[in-house]
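**Q** Residue numbers (our numbering), protein chains in the order written: chain A, 1 to 565; chain B, 1001 to 1066.
Please note that the accuracy of each hint is not assured.
[To be verified] Stretch by stretch, here's where chain A covers chain B in the computed footprint (C-beta under 8 Å, at least three residues):
| # | segment |
| --- | --- |
| 1 | 1036-1046 |
| 2 | 1051-1057 |
[To be verified] Far from chain B, by Cβ distances over 10 Å, these chain A residues were calculated:
| # | residue |
| --- | --- |
| 3 | A106 |
| 4 | L213 |
| 5 | L268 |
| 6 | M332 |
These aren't lab readings, by the way, just hints derived from the structure by calculation.
From a predicted model like this one, the values you see are computed outputs, not experimental measurements.
The beta carbon of each residue, even a glycine, is placed where N, CA and C say it ideally should be.
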Amino acid sequence: MIAKEKFRVCPDTGFKVFDTTEKLIKINAVVAVVFLAVGGLFGLLVALTRWPAVHLLPADLFYLVLTAHGADVLLFWIVFFEVAVLYFAGSVLLNVRLAAPRWAWAAFILMLVGAVMANVAVLQGESSVMFTSYVPMRVAPHFYLGLILFAVGALVAMFVFFGTLVIAKEEKTYEGSVPLVTFGAIVAAIIAVYTIASGAIILIPTLLWSLDLVADIDSVMYKLVWWGMGHSSQQINMATQVSIWYCIAAMVLGAKPLSEKVSRGAFLLYIVFLQLASAHHLLVEPGISSEWKVFNTSYALYLAVLGSMIHGMSIPGAVECAQRRRGFNEGMFGWLRKAPWGNPAFSGMALSVVLFGILGGITGVVLGAEQLNIIMHNTLYVPGHFHGTVVAGTTLAFMAITYLVVPLIFRREIIWPKVAQWQPYLFGLGVTGISLFMMGAGTLGVSRRHWDMAFTDAPLNFDVPPAAFLMMGLNGISAVIASIGGIMFILVIVGTILFGKKRGEDACRTNPVILPGGGATVMAAGSEGTLKLPGTIALVSVFFAAFVLYYFVNWKYLSEVWPLS
Amino acid sequence: MTEHLNSGDGKSGDSNGGPENGEQRIHAMQSLLDNPFLLLFIGVAVPTVLYTVWGVMEVVQVPIGQ
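All chains should be built: construct the whole structure from the sequences, respecting the hints.
**A** Shown next, in the form of structure tokens:
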């Protein structure tokens, strides 16, 4: 007989929030934000070193800081936050206690110990091999061990989430299908299982190799399996951030997807095809056939891109429908002008959708084409692309939902609401600059990972165009702007959790953070069921035209690399 | 099981013409989407076969340098 667990009913959303779930959401979210702060600081140091006029750090410290930046923000910040989202989407949205709370705590401790251990290994200075840690570069064994412990902890957290789904089904705490947001979280967890398994498969023998217990690790084999983790971990982000987009649109505006079936179908495309995009990191590897490369990155990846484009139309379409239903019907874009742009949850979500699609999505398709990849492989274009996806897309989406999590789960009123209002814009502006200027510099041939972009004293000279130096200066300025936006976020969130006014029972009336009934909209099934969306159709058409144009411009660039005469 | 996706608003839900409270046929695709463990199997098996196993087969066929 299982003891009944205590819960409270959220006065804002009507959600049943179990004690253990609440504690685990809080602790995972707080640790995530700590790693964002630490990793963001390292990122600023990287950008200031890449800024030619500043060139802050010496080479050894630059590689150390770049390794720590990659691990802290690409892995630890993101996955801790995703675990918090999974517990919310599983336990809170399905009205059920969390399965195996002790295992959930064990998962958290394993992840924390692993993340701290990996950071210590990097800061000790013997593991400055980048987040990718390609063999045969050998690093301190506790770097690999830290990553393995983190991965095992995350895997345990995934199974706690799956266990919660089983309990909810058995106890019939929901009817019919799980809510769309929970479905998106399931997709994220599925991708996470493959991701973490890939990481364990390659990192365990690499740990043994670092201890001289295994003689050799083949470098191509390492890259192949490692990217099953390295890139797929970013696909967990995608599924989670799309879920968050639907969640915020529902909570803040009462928006439902255009067609819930189609949105679930788009998520299914993620499950089947999204992880295959890992192959684009191996597009210039010898020894792997073009059939493998082209199938995985083009045929399969394009089906996952189709999923993203469906979500990319469904989210603004849902917002337009909800706004028009509320009476904002003036012209083609009256609904957009009257959207709650002063609410950081909404503005962060909207910026995340747009920036992810334009900066991260289009460029990802270009990078995924084997022929086009060759003109930008291992240049700064690649980090430019993934700052568009992981920072402008995922991080901004996670920041946006935090503005709802803090009042609703931590039960605190946001301090400095004006700062919170401006924060997504400033952060979004900075990240847009980072992404665009890095991609611009990469297009001009700037190397992805080198401390000295000019390759001074290198035996083989490479003349970097002057415009590339300008791009890297602008990238540095953008990084400073994004850092200010990041610091504003940390100050507002940490300040609110520590010093914010307790949110009372009647705050849902006196100071609402979501639309009345927004919580029920997240949990309910339903579709807008219309395509009369002139504003969304216009916006999507502009996006699509930009997509096609940019794709073919890159083929033009390619034709200029090897001119035929 | 009588619930269907899109049943919340009554506008775009499925109507198979079945009795309101009786047994309704559930579409195979919906059964798939409602089964997280089947989805987990697909989501792990497909990339394992198409990316990892196929890729490993390619790499092991590269002759070892003398």
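**Q** Taking the hints in turn, state whether each one holds.
**A** Here is how each hint holds up against the structure:
1. By the rule of at least three residues with a Cβ nearer than 8 Å to a Cβ of chain A, the coverage given for the segment 1036-1046 of chain B holds, with 8 such residues.
2. For a cut-off of 8 Å, the count of residues in the segment 1051-1057 of chain B with a CB near a CB of chain A stands at 5, and the three-residue condition holds.
3. Against the 10 Å criterion, A106 of chain A stays outside the reach of chain B, whose nearest CB is about 21 Å from its own CB.
4. Listed as a non-interface residue, L213 of chain A keeps its Cβ farther than 10 Å from every Cβ of chain B; the least gap is roughly 22 Å.
5. Annotated as non-interface, L268 of chain A brings its C-beta within 10 Å of a C-beta of chain B; the closest such distance is 7 Å.
6. With a least beta-carbon separation of about 23 Å from chain B, M332 of chain A lies farther than 10 Å from that chain, consistent with its non-interface assignment.
In this structure, the one hint that does not hold is number 5.
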